[in-house]
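Protein chains in written order, with the numbering used here: chain A, 111 to 473; chain B, 115 to 446; chain C, 691 to 993.
Just so you know, the hints here were simulated from the structure itself, not pulled from any lab data.
It is possible that part of the hints are untrue.
[Unchecked claim] With a straight-line cut-off of 20 Å between C-alpha atoms, the simulated EDC-like cross-links for lysine to aspartate or glutamate are:
| id | chain 1 | residue 1 | chain 2 | residue 2 |
| --- | --- | --- | --- | --- |
| 1 | B | K231 | C | D888 |
| 2 | B | K230 | C | D888 |
| 3 | B | K132 | A | E283 |
| 4 | A | K194 | A | E134 |
Here is how the chains run, residue by residue.
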Amino acid sequence: MANDSMEWSFQTAQGKNHTPLSLENVHVVYNIRRGEVQAVRGVDLELHAGESVALIGESGSGKTTLGLAIVRLLVKSAQITQGKITYRRDGREVDVLSLKPKEMREFRWKECAMVFQSALNAFNPVLRIWDQMLDTARSHGWNDRQAVRQKSLELLRFVQLDPERVLNSYPHELSGGMRQRVLLALSLLLEPQVLILDEPTTALDILTQRTILDLLRQLKEEQHFTMIFISHDLAVAAELADRIATMYAGAVVEMGPTEELFYNPRHPYTLGLIRAVPTVAGGFEELFSIPGSPPDLIDLPSGCPFHPRCSFATSRCREEEPSLTQVGPDHYAACWHWHDVEKELERTPLHRGVHAIQQGGAS
Amino acid sequence: MAPIFELRNVTKAFGAGKERVIAVDSVDLTIEQGEIMCLVGESGCGKSTTGRMVAGLLPPTSGQILFKGQDISKLDRESYRAYRRAVQIVHQDPYASLNPTHTVREIITAPLLRHKKAHSRADAEKRAIELLEIVDLTPAEDFMGKYPHQLSGGQRQRVSVARALTVEPEFIVADEAVSMVDVSIRVSLLNMLSRLKNEFNVTFLFITHDLALAKYFAWEGRISVMYLGRIVEEGPTPRVITDSRHPYTQALLSAVPEADPELARRKRRMELRSADIPSLLDLPPGCTFHPRCPFFVEGQCDTLTPQLEPIPEGGRVACPIRKSERIELIAL
Amino acid sequence: MSNSTAASAANQTGLLSQIWGSIRTTLRLMSYNRVGFIGFIMVLLIVGLSFIGPEFIPLDTKTKVDQIYLPPSWEHPFGTDHQGRDIFSQIVHGGKDVIYVGVVAAVLSTLIAVTFGTLSGFSGGWVDTVIMTITDIVLTIPRFPLLAVLAAFVTLNNLAFLGLLLGALSWPTLLRAVRSQALSLKERDFVEAARALDLGTSHIIFREIVPNMMTYIVISFTLSMTAAVYAQVGLVFLGLVPISASNWGVMINLAWVRGAIFYKDSLWYIMAPVLAIALFQLSVITLTRSLELVFNPRLRSGE
């Protein structure tokens, strides 16, 4: 299934310490009638070359807003009020927030492509797929029809679709899973350095989901693409991410290597999420819901926004919002009581890892 | 005790002539009182259609549906209405299942007053508050005057359940009832439904495409796996999950991503022969899974349609070739 | 549904305060859309002026030969007509009939369309077929020529009759639209839930489906009204309706007959009623933007 004909030379040309994308203290605010919605509150993120980071969170966490902020596709009522987004390539650096609209269009899709969730709505229903691919190429200055066709065929083959047939089809003639794959191919057309995928597998059937996940994994492992996955689905993060950042109420509350977060979480929200999500092959486990509901982003609770739902909360949590502190190798959590979370895990270990596997095997 | 529902050779077809689609094909299913039966499958497998036929919202094209031993198409008017009240449905989309122009109060009190479960507005109000408390919407008084758009997805689903409870149903069809709700809230909804089962002896038909949720909710119940309108495997949940026999079930189990990196790594991948999903308008002959099945046997699988046969480990499997073969899902 | 008289008596005062509260909420909601609210105020002003104005501003019927076609001034805000009469007072008196006919036509048209459209869409079967056939037949009747022919046989000077006649000819389009709305609403989950709960057909039609069509119904009502206004003004302009009282349509007719468009000074005479009608129609149409907010709870952002 590997595609030797693909030329991804630029990906591995960069040095190992290359960080294609960094976010510093990004704040995004929406203005609605009722007040100001603090959608993203001071997020720092460094994306290293070839790594995949998963932004995990539920509704209101700010993860999609953050993704949209990076490619500056926010709605008019939203503004990036603070922070810096830096993009680097071939030794040059660019401040994304200061790009003019024309430069921004270049950036989007050519440097950083965002693949949206509802693949249905991403396509123009009256144009064939080939026309849309050509349109995209042309609007970014690539007018060589032959070359675009070649690349499109290659990419469609890569996503395991029948290239000629798909190029000639209209979007409604393809199934949801096929459209998602076409969207992926389209996003790779201009060879971006960074891919942002928003809920890549939601609303897809299990077997179709598996095809997409395998493709993404191939992109990650064989082509060393740099990717950001935005999802509420922990399983997608477990499959694809090198690092995970859990977001709550517009801030990153925990960040670290995937295995660390799954087996040694240190933030009560991450812990709560893991305990609320079942596995299939891992035997039976008791699940626990997180009490309460996500906070009102206009009127956030004082101190740590998670405190009303947290079983580890103390008066300090109600007064001061914690910032990210190091809790392990490359592992950070924003919690005053992360030690207590550690102790809790020693007492009642998570039903994960080897423990679960042994339980889950056929008896 | 007689099973609460029995589906005998139930088929549902839509359209006619060349456009005829058989959404549900010769389904035989028995659901016992007080149990949780899960219908699992991908989109287009017929699980929702089956659920709606059970709830009486769609008539079957052929076959019989027996509610407490009686054919529902032969019930007299009174008994039919009693059956329709006894079987309620909770929908998937919390944003579409409640009338946006009604307050929670109106939504809950309307059926109470209509069916004389409450004899005055004050009585209906009281009973509505009780129901909201049963579904964990507290303080209930705060919710009564709210409109659906003022509630979160999870809260709306709870209102849907409370509404279903107004007629004191014996059976609830939950069609993807938690799919559109936040992950951390799902469990509390499912736990609430379990409590209903235990306290009020409600039987559940839980329809979902999410295997992990099915496993959790129906662990003490049974799972039926559907593919293109037919049940391919059925049995007690622990057995179906840990010792599946039908290749399609095995394909699903191996394809599901796991919220556990090590488990994800160690899972055995099952390669399917084709990634194409057959259209319901043009079903493959014999076993409909054969074009994709890695255990395909030419001459048999493409000519004979397999029937569900019981296996000693519990339940039934519609694959004569693989029903006695165990496979390991996880490489230890 | 059960109704205990004791309970309803106890609810009387509660009911009044409820109504007042609803009015206040409605006004507040409508204010959220600036354009719509302006339309609302304009409609109130014009209707007020047309129905209450005549009590305070007498109609100038005296012929003043020396004051023919005067330009606008403090004394005569819209100038004077071909007989030296004040145009402004004529405008004030001229709206009543026009609006009245418009409302009557819209009420009849909407009632027919909503009742039968919902019934047709919801019931299906032969009921649907019968209603749709009748609708299609009426739809093909050419309105204006029919009215012109009728005018030859019947004296169309009764306002209510005119309104009913216009309404009886304009319901088909609205009915089809209502029917398709009902068809799609019928499939919604909450309607299915109401069926599962055995709440009854009339409940489903009037309590589940119709409230969700209110925006549509209201907008159709206002559009019906504007169409009726144009229709009757057109009829009067063509001289088919011998209405003796002054109204905007009559004013246009008279101005036209007098050749008011040909002279610079008399332009006001014809423009005033035209502008009055146009302003009224515009206000009604923009009002619908605010009404949408009232009937669709979801459009109220930030609540």
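Against the structure, the hints come out as follows:
Only pairs whose Cα atoms come within 20 Å are accepted, and B/K231 paired with C/D888 is accepted, the gap being roughly 13 Å. Our distance criterion of 20 Å between C-alpha atoms is met by B/K230 and C/D888, whose separation comes to about 12 Å. The hinted pair formed by B/K132 and A/E283 meets the criterion: a straight-line CA distance of about 18 Å does not exceed 20 Å. Proposed proximity of A/K194 and A/E134 is supported: the alpha carbons are some 5 Å apart, at most 20 Å.
Of the numbered hints listed earlier, not one is contradicted by the structure.
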